[in-house]
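Colleague: Listed below, chain by chain, are the residues.
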Amino acid sequence: MNANRVIYLDNNATTRVAPEVRDAMLPFFSDFYGNPSSIHTFGGQVKRHVEKAREELAALLGAQPDEIVFTAGGSESDNQAIRGVLEALGGKKRHLVTSRVEHPAVRSLGQHLSKIGYRVTEIGVDRDGALDIDELSAAIGDDTALVSIMWANNETGVLFPIEKIGDLCRARGVLFHTDAVQAAGKVPIDLSRMPVDLLSLSGHKLHAPKGIGALYVRRGTPLIPLIIGGHQERGRRAGTENVPGIVGLGTAARLARENLDREAKELSELRDRLERGLLDRCRGARVNGKNRLPNTLNISFEFIEGESILLHLDELGIAASSGSACTSGSLEPSHVLRAMGVPFTSAHGSVRFSLSRYNTREEIDFVVEHMPRIVERLRALSPFVPENNQTRQWQGSAGNPSCAPGCGRCASDH
Amino acid sequence: MWDYTDKVMDHFRNPRNVGVIENADAVGEVGSLSCGDALRLMIKLGPDGRIADAKFQTFGCASAIASSSALTELIKGKTLEEAAQVTNQDIAEFLGGLPEQKMHCSVMGRDALLAAIENYKKGGAAQPRQDSRLVCACMGVTEKVIERAIRENRLKTVDEVTHYTKAGGGCGGCIPDIEAILKRVNAEMERAGGAPAKKLTVFEKIQKIQETLDREIRPALRQDGGDIEIIDIEGDRVVVSLRGTCSQCRLSTVTLKDVVQAKLREFVSPNLIVVEDGNRPLEGA
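Chains as they are written, first to last, in my numbering: chain A, 248 to 661; chain B, -12 to 272.
Treat the hints as calculated values from the structure; they're not laboratory data. Hints are not guaranteed to be accurate.
To be verified - Stretch-level coverage of chain B by chain A, calculated; a stretch enters the list once three of its residues show a Cβ under 8 Å from a Cβ in chain A:
no.	region
1	2 to 10
2	130 to 142
Claimed, not checked - Computed list of chain B residues with no C-beta within reach of chain A, every gap over 12 Å:
no.	residue
3	Ser19
4	Ala25
5	Leu28
6	Pro34
7	Lys63
8	Leu67
9	Thr74
10	Asp77
11	Asn173
12	Glu177
13	Val226
14	Arg230
15	Lys244
16	Gln248
All values derive from a computational prediction rather than experimental measurement. Using N, Cα and C, we set each Cβ at its ideal position, and we do this for glycine too.
Please model the entire structure based on the sequences and the hints provided.
Modeller: Below you can see the structure in the form of structure tokens.
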């Protein structure tokens, strides 16, 4: 597929490396390839660029440069934060509080921890995707080590009340980690005045390359390193620095900070245009989630299935994603939509459009123009669309027979 | 990204035989909205007893649509006896193969075909209720469906059974059960040579519930500025959510039990239990 022809609306999956970022990185492959830890000038001069990038990233977050630890990405940052805190607390506090809608980097880790002797509580969300703060407050106990709640959800873009959660954790003497992989660079983050102890981010979600990320660690936060072996990152993350990646992330952070307000406004205008267009012109459409990132639209189409929608979009050169079971090889629709109680008539027919600074109004209008035809084509095939049942009613199985005890599928309903 | 063959993509983009046959001689329906795929197959027989026309409607992914299209092409011109010999491998082969994890789409085609033939034998009567033990509650898969897939496809592992039938693809609680069935059926096949088991369908009542809500319940609720939405249907358990003014109403439990549940029991099935989303079973339900 021609990279220039694609209408890329899957920016919560990954983003284009900004040309400015790429240009900033290039000298650090074959020219300034020295090891920043070396004593000689050739290597040592590279260190300045690493530290400059650290300052840029700290500035984006309202943090101090020494609170930034570079990692290989969001999943490593999440693992480092959660496992690092639990280990640092010496196994005395063995309770983790998180949510039902976390990214697998946190959710699967929680499931793993619950198998090796930790207690894990997942807080639910309502039908708009909003977190139940009372449930969170009630879940925190004497043995709670850490609360880990994402800043914004990757599938729906729903924002969580980070300040409120942080205040609650402070008041209860519990550490607070937030996975801000989707939020960083899209919404203002000022850690100098926000009660957050640890924050994860990933380069490739904000126009830096894949394979670089960072963990913010507030000064004084107890943390045992995940990767041990060298003095790099003040002993908090061993391994020779990914210098080009770090320089790229620093540049991406600067671009995001300089343009954040304008971009957020432009993105939300484009996203709203897409949202209004699809709601107005497509039958059976509903938006999943309220109070969202400016770039994300998760929209379900009743009685049709997500993979089929995506493949029709793909033929038009439109790249999006879906919470449908069929797209992942799993047999269950998205855990996020299930946690929100999205009606089963819509749960399999979700499409996520996630925009970036590189999208144009023409692209959005192209999607709005073609989507109704795709929806109608699939509706014409569906045995569940009411007008397709004029002559005959569906005799087949409605839902599932009742669930087995402990069934994870419908945890949100039990 | 799935590695679909050109033929799968062709039948997905340009499905053959989509639609409804008025006065069909046989109709087979399998799957459900909450499981993510469903197929309705309609058959019209000619004077010579051969399948003169076959049409389908499908809710599902690209391979489910392509498998349905392939099925209709495969059975046209055959007698019902000949059609009954069409296996899920025939459907997959017709399409130049399916990804392993998508084989259940071809099995769905085969199940719909058997359901239609059964329906014809019973003179077009409503399909029988589930007549086999439920193994996978999450995906609504019975022992007979699993057993038939094992026999016809010579399945040996739980993963294979999941790819072909979806059983075990939810909470995984039935995996020991599937292992036991695999062991038993494979042992039987070794002794006997593997005769195919007979058909079975898993079915119920969604359309009726939706209609009853639309006709009997929603108009009254809407007069008061409220509404109701189905969240899930699990066997006889209907999970609903009240919207608008209903969601704040302290009489909502009464509304659910005395109105919604009563109407659904009257018009759909006396065994239905209406539950409000968020796990509050109704008193005395």
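Colleague: Against this structure, judge whether each hint is valid.
Modeller: Going down the list of hints, with the structure as the test:
1. 2 to 10: holds (count 4)
2. 130 to 142: violated (count 0)
3. Ser19: Violated: least Cβ distance 4 Å, not greater than 12 Å.
4. Ala25: Contrary to the label, B/Ala25 does not stay out of reach of chain A, its closest Cβ about 6 Å off (not over 12 Å).
5. Leu28: The claim breaks: B/Leu28 does not keep its Cβ more than 12 Å from every Cβ of chain A (closest is about 10 Å).
6. Pro34: Non-interface label stands for B/Pro34: nearest chain A Cβ at 23 Å, farther than 12 Å.
7. Lys63: At roughly 19 Å from the nearest Cβ of chain A, B/Lys63 sits farther out than 12 Å, so the non-interface label holds.
8. Leu67: holds (19 Å)
9. Thr74: Given a closest Cβ separation of 21 Å, the condition holds.
10. Asp77: It holds; B/Asp77 is separated from chain A by about 22 Å at its closest Cβ, greater than 12 Å.
11. Asn173: Check passes; 23 Å lies beyond 12 Å.
12. Glu177: It holds; B/Glu177 is separated from chain A by about 30 Å at its closest Cβ, greater than 12 Å.
13. Val226: violated (5 Å)
14. Arg230: violated (9 Å)
15. Lys244: holds (18 Å)
16. Gln248: holds (16 Å)
Violated hints, listed in ascending order, are 2, 3, 4, 5, 13 and 14; each of the other numbered hints is respected by the structure.
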